[in-house]
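Novice: Each chain, written out:
Protein chains: 2
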Amino acid sequence: MNTLQTLAIGIDIGGTNTVFGIVDARGEILYKGALSTGKHENIEDYIDELYEAIKPAIDQVGGKDLIRGIGIGAPNGNFYKGTIEHAANLKWKGIIPFAEMISEKFDLPAALTNDANAAAVGEMTYGVAKGMKDFIMITLGTGVGSGIVANGQLIYGHDGFAGELGHNIVIPNGRLHEGTGLRGSLETYCSATGVRRNALEMLEDHAKVDSLLRQFDPADIDSKVVYDCAIQGDPIALRVFEFTGEILGRAFANFVMFSSPEAIILFGGLCKAGDLILKPTKENMESHLLPIFKNKVKIIFSQLNESEAAILGASALVWELRKSVSTDN
Amino acid sequence: MNTLQTLAIGIDIGGTNTVFGIVDARGEILYKGALSTGKHENIEDYIDELYEAIKPAIDQVGGKDLIRGIGIGAPNGNFYKGTIEHAANLKWKGIIPFAEMISEKFDLPAALTNDANAAAVGEMTYGVAKGMKDFIMITLGTGVGSGIVANGQLIYGHDGFAGELGHNIVIPNGRLHEGTGLRGSLETYCSATGVRRNALEMLEDHAKVDSLLRQFDPADIDSKVVYDCAIQGDPIALRVFEFTGEILGRAFANFVMFSSPEAIILFGGLCKAGDLILKPTKENMESHLLPIFKNKVKIIFSQLNESEAAILGASALVWELRKSVSTDN
Numbered sequence: 000m001n002t003l004q005t006l007a008i009g010i011d012i013g014g015t016n017t018v019f020g021i022v023d024a025r026g027e028i029l030y031k032g033a034l035s036t037g038k039h040e041n042i043e044d045y046i047d048e049l050y051e052a053i054k055p056a057i058d059q060v061g062g063k064d065l066i067r068g069i070g071i072g073a074p075n076g077n078f079y080k081g082t083i084e085h086a087a088n089l090k091w092k093g094i095i096p097f098a099e100m101i102s103e104k105f106d107l108p109a110a111l112t113n114d115a116n117a118a119a120v121g122e123m124t125y126g127v128a129k130g131m132k133d134f135i136m137i138t139l140g141t142g143v144g145s146g147i148v149a150n151g152q153l154i155y156g157h158d159g160f161a162g163e164l165g166h167n168i169v170i171p172n173g174r175l176h177e178g179t180g181l182r183g184s185l186e187t188y189c190s191a192t193g194v195r196r197n198a199l200e201m202l203e204d205h206a207k208v209d210s211l212l213r214q215f216d217p218a219d220i221d222s223k224v225v226y227d228c229a230i231q232g233d234p235i236a237l238r239v240f241e242f243t244g245e246i247l248g249r250a251f252a253n254f255v256m257f258s259s260p261e262a263i264i265l266f267g268g269l270c271k272a273g274d275l276i277l278k279p280t281k282e283n284m285e286s287h288l289l290p291i292f293k294n295k296v297k298i299i300f301s302q303l304n305e306s307e308a309a310i311l312g313a314s315a316l317v318w319e320l321r322k323s324v325s326t327d328n
Numbered sequence: 000m001n002t003l004q005t006l007a008i009g010i011d012i013g014g015t016n017t018v019f020g021i022v023d024a025r026g027e028i029l030y031k032g033a034l035s036t037g038k039h040e041n042i043e044d045y046i047d048e049l050y051e052a053i054k055p056a057i058d059q060v061g062g063k064d065l066i067r068g069i070g071i072g073a074p075n076g077n078f079y080k081g082t083i084e085h086a087a088n089l090k091w092k093g094i095i096p097f098a099e100m101i102s103e104k105f106d107l108p109a110a111l112t113n114d115a116n117a118a119a120v121g122e123m124t125y126g127v128a129k130g131m132k133d134f135i136m137i138t139l140g141t142g143v144g145s146g147i148v149a150n151g152q153l154i155y156g157h158d159g160f161a162g163e164l165g166h167n168i169v170i171p172n173g174r175l176h177e178g179t180g181l182r183g184s185l186e187t188y189c190s191a192t193g194v195r196r197n198a199l200e201m202l203e204d205h206a207k208v209d210s211l212l213r214q215f216d217p218a219d220i221d222s223k224v225v226y227d228c229a230i231q232g233d234p235i236a237l238r239v240f241e242f243t244g245e246i247l248g249r250a251f252a253n254f255v256m257f258s259s260p261e262a263i264i265l266f267g268g269l270c271k272a273g274d275l276i277l278k279p280t281k282e283n284m285e286s287h288l289l290p291i292f293k294n295k296v297k298i299i300f301s302q303l304n305e306s307e308a309a310i311l312g313a314s315a316l317v318w319e320l321r322k323s324v325s326t327d328n
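Chains as they are written, first to last, in numbering that gives the first Met the number 0: chain G, 0 to 328; chain P, 0 to 328.
Mixed in with the good hints, there may be bad ones.
Since the list can't tell identical chains apart, any single copy or any two copies may satisfy a pair.
Distance condition first, Cα-Cα at most 30 Å in a straight line; then the derived DSS-like pairs of lysine-lysine [said to hold, decoys possible]:
1. LYS80 <-> LYS129
2. LYS63 <-> LYS104
3. LYS90 <-> LYS132
4. LYS129 <-> LYS104
5. LYS132 <-> LYS223
6. LYS31 <-> LYS297
7. LYS80 <-> LYS132
8. LYS132 <-> LYS295
9. LYS31 <-> LYS129
10. LYS223 <-> LYS281
11. LYS104 <-> LYS207
12. LYS297 <-> LYS54
13. LYS293 <-> LYS54
14. LYS92 <-> LYS281
15. LYS293 <-> LYS90
16. LYS80 <-> LYS63
Think of the hints as simulated: they come from the structure by calculation, not from any bench.
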């Protein structure tokens, strides 16, 4: 390993936007930028624009010789193959050898995994999971993502796709997830979208209960609106978070009995609900655990800055995966 | 490591009986024996009897110098601490430093884990999981046990108790598990005891449907009776296996989306039901998986001899855990 190479590039690919940055080993972001993902039908054009956007930054921090590699967080990212495979919210269909394409364009080693796995590596490198060998990262955003660390390593599984806990079935034959066709998955209840659906369902089921939520056009009710109403004491909005926490906590109990983590770390928009979501989640996790697991597992909110976490996580892949990265070089 | 030490002792502690054996590195059992677990109120007496039973065998195979160590499979066994903790079906209450006691008595290094973890190590060393780096072992006996291997390592978790998949909640607020107080856990439906309960419930729910099972005293209906009736084409007995497979398959889908194993390996009494249990399990697993996981994961029956598997699994801990064992020596 070249000891000059003290910087890493992190790229996080979202359906709408891509964010990127150059990060040092302490997690300081020296440079960051963003571009549109969605406007590029053609993957080559996208990579060209990415290169043009990052190249000046590389020069600015002192040149390519200082860069150890490029870490990429992407939906349906496969760590073993460096591919993005059939990502529903990206325009590029099929299997894209993304890490290889980036590596060739930039002439730097590249590693890729899904965004939640990258977030887990970020927490382990720069965040609240520093020093932990067993933890589960759960991202509560538009969807529910996860990254699982056991024995100090990310669990990628046999095919590189392990850790899709958002798609665990939590209510048999429950609510339909339109994206996956599965019924009763965690994501349908406990994502930001799920919270919205929980609210709409409860308003209908309790048509006679007065609620601040009824002042909103149903189309405008999102997890933020529910939160705003809940902190004003609205009974339906409060019940929405309680219900969401019940489902989430029971799912967490199952996860704990799988890998017995030291902590479950929460990241993403829903974390803003704070104790409203944390309290019922914790209570319901505990009540569904075997005695040997009770009162052992912490549930912690990530402390990373939301706008920077994706870049940090992606960049951290470069340090974490030093060995597999260096064989590419 | 002493190259003379080519043998390992395996001890499997069950609630009723303890079986033990001396095993070579190829999985040949050179000597085996058994004693009653249940009759010993006092742990020291039990260890004395175990020592008296195994000592002549050690001499017979050529003496202690040939023995690398002792592997122990035990209910609620904690790998990190070598303890048996609050095991419901053993008479010794509290936390027992069992590995340490055995190690002192025999003057040999000892490693301990729960029986399902030991079974997983056994499959990896001598069985159908040879060469696999990611698999899940599920034991379907009186209870449902599990051992999870990811990245070629057993997942012990932060506290040494990971892999209690039998206690995953599969039906929210479902059937009460009297041993744990949890409702709707996998074990209440998919253990041999669960199959019995499924049958009794179905006989009651379909009181007008004729069934061979009605010829039995309800107290005598067990998973074997249900199997015998099912192979004669009895509709209720057939439905019992279908239902059991539905629950098991859905749970397996959740496990697959956690650690993405190459295979799920089944062991224990219920495996005798063969395709009756395998077919609905596989179908229901597949139908609850995200597309990226479909048609990838094998469900395989263990091929190890049932009476020998527990000894092999426990003994295999000695080879698997070479490093941690050798530090004790």
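Novice: Now look at each hint and say whether the structure bears it out.
Specialist: Results for each hint:
1. LYS80 <-> LYS129: So LYS80 and LYS129 pass the 30 Å test inside a copy (27 Å) and across (24 Å) alike.
2. LYS63 <-> LYS104: within (13 Å within a copy, 62 Å between copies)
3. LYS90 <-> LYS132: neither (36 Å within a copy, 34 Å between copies)
4. LYS129 <-> LYS104: neither (33 Å within a copy, 40 Å between copies)
5. LYS132 <-> LYS223: Neither way: LYS132 and LYS223 sit 34 Å apart in one copy and 43 Å across, limit 30 Å.
6. LYS31 <-> LYS297: The answer is neither: 32 Å in one copy and 44 Å across copies each exceed 30 Å.
7. LYS80 <-> LYS132: both (25 Å within a copy, 17 Å between copies)
8. LYS132 <-> LYS295: both (15 Å within a copy, 29 Å between copies)
9. LYS31 <-> LYS129: Classified as within: same-chain Cα gap 23 Å, cross-chain 47 Å, threshold 30 Å.
10. LYS223 <-> LYS281: within (21 Å within a copy, 41 Å between copies)
11. LYS104 <-> LYS207: neither (61 Å within a copy, 71 Å between copies)
12. LYS297 <-> LYS54: Neither: 42 Å inside a chain and 46 Å across chains, both beyond 30 Å.
13. LYS293 <-> LYS54: The answer is neither: 51 Å in one copy and 40 Å across copies each exceed 30 Å.
14. LYS92 <-> LYS281: between (39 Å within a copy, 29 Å between copies)
15. LYS293 <-> LYS90: between (44 Å within a copy, 23 Å between copies)
16. LYS80 <-> LYS63: within (24 Å within a copy, 48 Å between copies)
Of the numbered hints listed earlier, those contradicted by the structure are 3, 4, 5, 6, 11, 12 and 13.
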